[in-house]
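Using numbering that gives the first Met the number 0, read the sequence shown as starting at 0 and increasing by one per residue.
Worth flagging that the hints you see were computed from the coordinates, not collected in a lab. Be careful, since some hints might not be right.
Straight-line Cα separation of at most 30 angstroms, DSSO-like style, residue types lysine-lysine; simulated pairs [as the list claims (entries may be wrong)]:
#1 Lys71 / Lys88
#2 Lys71 / Lys95
#3 Lys63 / Lys95
#4 Lys95 / Lys49
#5 Lys88 / Lys49
#6 Lys67 / Lys88
#7 Lys71 / Lys49
#8 Lys63 / Lys49
#9 Lys63 / Lys88
#10 Lys67 / Lys49
#11 Lys67 / Lys95
Estimated spans, in silico, between C-beta atoms of each pair [to be verified]:
#12 Asp91 / Val115: 18 to 28 angstroms
#13 Asn42 / Asp64: 38 to 48 angstroms
#14 Leu99 / Pro77: 10 to 20 angstroms
#15 Glu45 / Ser82: 18 to 28 angstroms
#16 Gly109 / Gly83: 19 to 29 angstroms
#17 Leu102 / Ser78: 31 to 41 angstroms
#18 Ser65 / Ile89: 29 to 39 angstroms
#19 Ser55 / Ser106: 36 to 46 angstroms
#20 Lys88 / Val115: 33 to 43 angstroms
#21 Thr46 / Leu102: 17 to 27 angstroms
#22 Ile56 / Asp91: 32 to 42 angstroms
For each residue, glycine too, the CB sits at the ideal point set by N, CA and C.
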Amino acid sequence: MTDFEESYSAFVLDLKSNKDFKNLLFATKASNYAEGVASFSLNRNETLGKACEALSIWPHAAIKDSIKNLYKFCSDYPSLRHSGNPSSKIRDLESKDTMLVSLLLISFSGYLNTQVVFE
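Full structure from sequences and hints, please.
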């Protein structure tokens, strides 16, 4: 979580300084965080996509597919998590993209953490 908090601070500083947003670390750390939560729930290291398949916590397949597609975006978009696939890029990321993708990943972590009980 510390890595995510540090990258969020850098993201906010970039926004406040009115720089062109280049810090993709925020979304990368959010993706790593979600993957780590899922791996913790499974007691083994897995990619987020494989972890989603292994977990049996989904109320509907569409929710599972949503997070898997979000993970696919993070893995496929150039320089976000991996080298990515340059031909898949439709446009450059904007700060709103980075913020929304990160928030979605953190929000989905509520499903990925089987230790948390919402009552």
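For which of the previously enumerated hints does the structure constitute a violation, in increasing order of number?
Going through the list in order, the structure violates hints 12, 13, 17, 18, 19 and respects the others.
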